[in-house]
Amino acid sequence: MIEFPPGLILIVGAFALAATRGLGFRVLALLLPALTLAAVWLTTDQVVQIGWLGQALTLVQKNAPTMVFATIFAVMTLVGALFALNMERRVELPAAFVYAGSAINVTFAGDLLTMFIFWELMAVGSTVVIWSAGTAEAEASGRRYVNVHLVGGAVMMAGLALHFANTGSLALTNLSNLDDTASVLILLGVLINAAAPPFGSWLPDAYPAASASGTVFLSAFTTKTAVYVLMVLFAGTKILIWIGCGMAIYGIVYAILENDMRRILAYSIVNQVGFMVCGIGIGTQMALNGAAAHAFAHIIYKALLLMSAGSVLYMTGKRKCTELGGLYRTMPLTMICGTIGALAISSFPATSGFTTKSMITDAAAHEHLQTAWLMLEAASAGVFLHAGIKFPWFVFFQRDSGLRPPDPPLNMKAAMVLFAAACLGIGLYPAPLYAILPFPHAGHDGPDGPLYHAYTAEHLIYQFQLLLFAGFAFFALLKVLKRTETITLDTDWTYRTMFPRIWIVVLGPFFGWLAPAHHFVISTLPTLIRKFFTDDPFGVPPHLIRRRLGVGPTVALITLFLAALLVINLL
Amino acid sequence: MDALIPHLPVLLVLTPLFGGLLAALMPRRGPAPWMWSLLVTAFEVVLALWMVKQVQRSPQETITYLIGWWPAEYGIAYVIDALNAYVILVVALLAFVSTLYAKSSVEDEIPKDRHNFFYSIWLLAICGMVGICATADTFNIYVLLEISSLTVYTLIAMGKYRDRRALTASLKYLVLGSIGATFILLGIGYLLMLTGTLNMPDMHEQLMLMKAKGTLEGNRTVLVGFAFITVGLGLKMAMWPLHLWLPNAYTFAPSAVSALVASTATKVGVYMAFRFIFTLFGTVYDSSATLALMAFCGTLGIIVSSIRAAQANNVKKILAYSSVGQLGYIVVGFSMANESGVAASVIHILNHAVTKGAMFMACGAVVLRMGNADLKSFYGLGRRMPATMAAFTVGGLGLIGMPLTSGFISKFYLVSGALHDGQWWLALVVLAGSLISIVYVWRVIEVIYFKKTDKRAPVAEAPFTMLIAMWILVSASVVLGVDAELTGRLAEFAARALIGGAS
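These protein sequence lines map, in sequence, to chains C and L.
Using the numbering used here, the letters of the first sequence correspond one by one to residues 1 to 571.
Using the numbering used here, the letters of the second sequence correspond one by one to residues 1001 to 1503.
The shape of chain L in the complex, shown without the other chains (with noise of 0.2 Å):
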């Protein structure tokens, strides 16, 4: 098993890519692709936990894999630290997770002669999204960007079966995605020109020799390829008011797509944010105005999504909107620049994919049951459906930021970093937008217990994989609220090698 261990970053790709490929070979019909996906996914979350071990052994150096033994100038490296280690960690989880729901909820809205190409494409996703996180060159960065991209695009316009509007919600997506991904090309196009290199350190000190001999002083190019990417990555990770496509895109999507995209797609959109910003222009390049621009658009991204939020009428539009203003607090976070504000985004990374997983998965066993997910359809199932009502319950305190839930970590992270800077305004911010979510939390919750409801016909719980799904997010959160010691070292020595880059 040892002789593995040199693989493991590649390993980590490739096991969903073949997975991926094998399951569109699987019958169409019975459990059997399921299974496979489980099984693959499973496998994943072993692969990630032992990197994340090999990481921790010596967490000073990065582990380096050269695809093919070509030098890293001129093959593929793919790079392995705390930080991507842990992003890694993160989206298998949810991935398996996910993958575990997905039973009940895929044959119930995906027609039974495709569930193989489901699963399959499913697969693919999850592997870009893996293979981003892995890899330091920057044109396979770009590479499986579009693989989660197209992947996902599909994944979300299969909801066209049980609404139509899944159609024009992907195809939004498409288009501005497409967008996204081509400024994310054309800056490092511009980047390639100026240093002849697609790996990432490699740039990076190629940047810093130019720094060193003065040509980089004023230099456009640089300054273009930067607002390029930034746009790009901002598109990606859906920063407001960039956002546009995902309130209608995790809306229309089926549930457990719901579920997966809503909680890794802009994580790793977030990541390559770090990467970016921190690891490749850090010290090389004031990005500071970029930083307080993106300041601006996290906090205004909180305030406005979060009302937008408790205006809503559907819960997985309600969740959607949600989930732009979370990822506010995470560009907020971020964008401090400081050792608590960037620890508290990468922790926020993991604790709103740990909550929004489990709110979308109990929103979606409300669509299987009641057959969609308004608000109306939430009257009085507090009685109806406990278990599901419950994990619903807990993650939206989790939203919240109530003590004892993941979500109160990172938000002591973020004001106790924006109060370090001495910005106070960002902290009253982000407690604006805890009330805010308060509002739109207790809507949700006031109609599922308070509200009586004139229909008589019993509604079953939601299927048992459903609930353990659910239920292993629900306590994730509850985990990691309690013991905050778990994610909090690793955040803040991941946000330590982020920011040594940028001083």
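The shape of chain C in the complex, shown without the other chains (with noise of 0.2 Å):
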């Protein structure tokens, strides 16, 4: 009975909140997303089609993972516009709702193109939900960033063109083969927007520097979309178990090392997405159930973490773990739902990460991946480390930092009591997410079993034993962990300073004679074309100011014209 992608009600929708003030933008805030989350659930099976272009391009169409990506980022919307209420920003949730729209949009498609189309757009929404928290620091974050997504948008375009060249169809197909140069451009467009290192470190950059509302959204959408075209597109591409691994022990690495919370908290997204990736990687139905269930979970206690890392900066102003601590005194409730995102992320029992995350280890161990097991439960003991003891110690606890900051207002604190309940609502019954699932009876026991069971002793025991070695490593090495004001590399380093000091240091000296040429590429040419393309009049000496054809010139130059017509047709 739905008609259109249920995505659109939120992008259409967003123009007319930028249009409203007041108790309207409070209501069509939390009324749009309320109404995708219908028509998510509304839509039928049945296949939506237009004509473009001579393409019939697939609008509607449920895939298999369909049902949990879309779901999820309904609901992350309607609680992410609920944070964000009191706020009143203006230009960042209209363009987050954009963001939020294509990237439901892109679960629904059915083609290539369709996909490509909403992928772009949720590129433009989320530079314009970085741009729109003000700073200086957003602003040149946002310009890196929509640089990376634009450079990724071309090469995957190159992939599409390049596979409709080969194959004369836009249909989703599993590429896993990697067989040609196409599958192989495609792949590496998702990968970047998946932020697999080498090509990560626009996520680390960008989304902390986003308002504290933003940062939230910012979390779900990118990099799960991504999860969800690698699983349509390149399940069971073995390559991804080992970028899943990197990813995963990448992520732990900067986030142990990173000062400010909100940072920590965008590593961890890189370590928890690599634990996808690598289940996408493996490629049984029992992985991608586990990588589909783990980005549900994921969604929510990375927003509910951020939400509580934004209540802290918007109550205090201050991002870094050297200026925060004690604040448990008087945010009590961001405390508590902080606690649970913690634990929910370190897969504690009785939370969501606890039913999840292992059907994705459980699938590596299943398929004799010994060397993968091992590398993704040292990343679950690190996640416990960084994101799972680390962010709450420095933030609430520790040593006093004397800030006395209230809890924040009260639509804050329920969308944070509202996904701090999601945690817990899947960590004991997980069933009805189970269900949704791209590949609901792929049980342990025959097809009528349950999908998976997470409250084995063997399990439970197994998860006591890692989460009490990293909590007992933590604290004997907290003098080690002590946070200090540093700045941490990451491989945007290459490109922002090192090329340019191999230049200096180690090149320098050899190609010294080259120096005018050098100069002339880097100081005077773009001079030269700035002058070129800025005709400043009061700037330029006046004989050089270019003078417009007269009406003479122009004539003459009209009847040379006539004879070249009639010389070219005598010829």
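Check before you lean on any hint, since a few could be wrong.
[What the hints assert, rightly or not] Not the full set, but computed from the structure, chain L residues with beta-carbon under 7 Å of chain C:
1) Lys1172
2) Leu1223
3) Ala1227
4) Val1231
5) Leu1244
6) Ala1289
7) Leu1293
8) Pro1463
9) Glu1485
10) Leu1486
[Said to hold, decoys possible] Okay, the calculated bits of chain L under chain C, using three or more residues with CB under 8 Å as the criterion:
11) 1175-1182
12) 1233-1241
Please keep in mind that the hints were generated in silico from the structure rather than gathered at the bench.
Where is the CB? At the ideal position from N, CA and C, for every residue including glycine.
Two chains, each in its own frame: build the complex with the hints.
Have a look at this one:
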């Protein structure tokens, strides 16, 4: 009965939202995501197509992982809007709606071109979300962010064009063989959005630069849409196992080194997405179920963590661990919600992480991928270390920073409580989530049995051991982990600092005689181009100002043109 | 009402003609002339829509209207088919929206006691442009061309109340435009000498007869006639390098005039080129050398004019140069003389009219509020005139050719036409032109949204009528970009009809 992609409600509604103020803004901000959620669930299996430039575009089609991703995207938008409600950010929220609506439409896309169109619209929406923080830092990061995504989009477009030229079809098919350039290019484009290293440094660069509410939105959609696309197009691509493990480890290392609380959480997004990518690489039904379930749970607890960090930022204006601490006294609710999020991300039993993430590691064990399994388990321990203990410890406990902020306003508290309850709910009663997974009948014990048993004695004991040792390690190493004012270097350092340094220190002496040419390229040429393109009559000597052709020369030109026309016709 | 249907072709021309004459009799002050013009142009849109409906009822046939029931050979015949019904609709729609927009601009830029004359000339210009599209009589084309040209010179000269340079710009346009019209008249004269008729289908028939008899081979008169007409049309549609009258004329004209003229006048020139090159000379005469020269001029026009746009410091001038560049796309499209290329041209007539009209309107709103259209005046306007600047931005994306805007559809047809012919270098030029257009659009967008201004004075948003007008065009641009079938089928049909005459 729904004849349009559900995300369209958010995209179109965003413009109405941008035009309203006050009470209307608040009502619309909550109504639009709620309607979208309803539309997602009312969408039938019917396929909706339109013709565009001679191609049939499939706007609505339910693929296996569609429901789980579309549902959580819509829920996330609703709760995110609730969290952002009191700030009345009149550019950010509509942009976030366009962003979220496009993400939902990607999950309903039935062909590569439709998917790509909304994929690019997401990049536009998210860039505006970053810019709308309004700081100079946000402007610069946003510019780097949009550049990375434009390049990623171009790579993906090139892959799609090549794929279409090779096969003549835009249908969604499994490209896991990676047997031609087209599928490699598409994979590369998706991996850039999934923030896989070495293309992932845009994420910790840009996300913490957004506003308190902006980061919450950003954390949910871009990487998880990439996970969705990987699941549809690249399930079972073996190389993804190792890319995923690499992401998981990379995220841990950088998160441990980081001081800014929101950057810690940004790195842990990379780490968590690594688990999902790895699961997609394994490619069995259980692994794919695990990746989808993990994405669902991850969006909730990551948003919860970022909301609690955002509340701290909103109430104190401080973001570095070294400046915070002891906030549990006056922000008890924020502390409790943040801690629940931290436990969930650490897969503590009775939380959503426990019932979802372990599906992926179990799938790795099931397929006898020892190395991958070991790396994922190590990363799990690391998650507890950095996100599970480090974030709440340094922000809410530790030494007293002397700050006495109260809990945030009601709507922010409500948003946090909702998601904290969801974390516990999925942990205690995961059956409804399991029911919408891509392969709901891929049970352990035959097609009609329960999908996955999280609460086995073995699993519980194992998980407690892991958490206990990681916790022990944290407090034993507390001196080392004590945060200082540091800046961590990421791969973007290579192009922002290393290449210029190499030029100056290593190659400079050898190529000293090239200095004039170098100077011409990096200084004179840009100046000339600048002069060429900004024709400022006040800065240019009068004899250099171009004079417009007068009537006489113009008539001569016309005559010449007529002559040329006659000559070429006579030849 | 049905009794009117056979008379639709002539009513389309008579409505703005008498509307214009009556507007001169209106009170000099007050809103009456504007309201009258709005009414007339709205009626014109209704007539144009009706006409399109009639044409679509039997798309294979043409509707011929003989004025005074004189036979076509002796009198004046109006012939309507899918192509010119479509162009007339474009002109009528843009005329209506521009009239809606004109209210605030004219109140600001034209002396209070001359509004009736302004709108009188305005409607006569529209009459001329619609007439050129409707008529099939070559001499009548010339007459209507002069009506539209003389009125447009006047309208541009009215910019003198804001900037005296409008007078020299208008004079230059007058001199060059008259040369163009004279060339066209000379060409028509040669053809009359040869065929003894002024009616276009009849002329085509006579030429075919001559070709069958073998007397056309090596006939220099046809060649010279064709060359004169081509150069004249090149001037009228501002084909590079015959565009030199355009940048200043568009820059210094009153805002409403810029919006109307930029979106319609050159398009009517393109329509005339279609008629002469394909309908009249198609199959009669090997025009491939001329089309090659036009393709060459078109490509140079795309590149050079876009670079000039990127150099300009006045936003109206940026838009004017960009118009020459966009005309280059249209010229390149039809000079391929294949279905996709001509379809791209036909589509771009509407798409560019809509996009550029909206951008000139946004620019005019800035002129109204800030006093000029210098790039400096746009500093930080994104926060102070959000609705106007959003319209400008969406229009700019259309110029670049971003997917989901109408510009993308035109370029898609153009590139696929070029690749279909194996002319990959044309496709490269189109893409290079898009890249340069990113430069000149981004220069303005950067100033609008990312540059802070030190001026604290609050700036009001554009008046309501202006906003409505520009957002009608902006939404049209998006709708035409999303629903490509809307224009695509019509354009392909028109292209097939035109090429059919050539092969």
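Do the hints match the structure? See the list:
Given hint, lysine 1172 (chain L) at the interface with chain C, holds; its Cβ is 6 Å from that chain's nearest Cβ, closer than 7 Å. A distance limit of 7 Å between C-beta atoms decides the matter here; for leucine 1223 (chain L) the minimum to chain C is near 6 Å, and the interface restraint holds. Hint status for alanine 1227 (chain L) relative to chain C: holds, with the closest Cβ pair at about 5 Å, below 7 Å. For valine 1231 (chain L), the suggested interface contact is upheld, since its CB lies about 5 Å from the closest CB of chain C, less than 7 Å.
Contact between leucine 1244 (chain L) and chain C, as hinted, is supported at the beta carbon level, the nearest pair being about 5 Å apart and thus within 7 Å. The interface hint given for alanine 1289 (chain L) is met, as the beta carbon of that residue sits about 5 Å from the closest beta carbon of chain C, less than 7 Å. A least Cβ separation of about 6 Å between leucine 1293 (chain L) and chain C falls short of the 7 Å threshold, and the interface hint therefore holds. Interface restraint check for proline 1463 (chain L): the shortest CB-CB distance to chain C comes to about 17 Å, outside 7 Å, so the restraint is violated.
Proximity of glutamate 1485 (chain L) to chain C holds as hinted, the smallest CB-CB distance being about 6 Å (cut-off 7 Å). The restraint placing leucine 1486 (chain L) at the interface with chain C is violated, with a minimum CB-CB distance near 11 Å, outside the 7 Å limit. Only residues whose C-beta sits within less than 8 Å of a C-beta in chain C count toward coverage, and the stretch 1175-1182 of chain L has 3 of them, enough to reach three; the restraint holds. With a cut-off of 8 Å between beta carbons, the stretch 1233-1241 of chain L has 3 residues touching chain C; three or more are needed, and the interface restraint holds.
Figure legend: structure checked against the earlier numbered hints; hints not met, in rising order: 8, 10.
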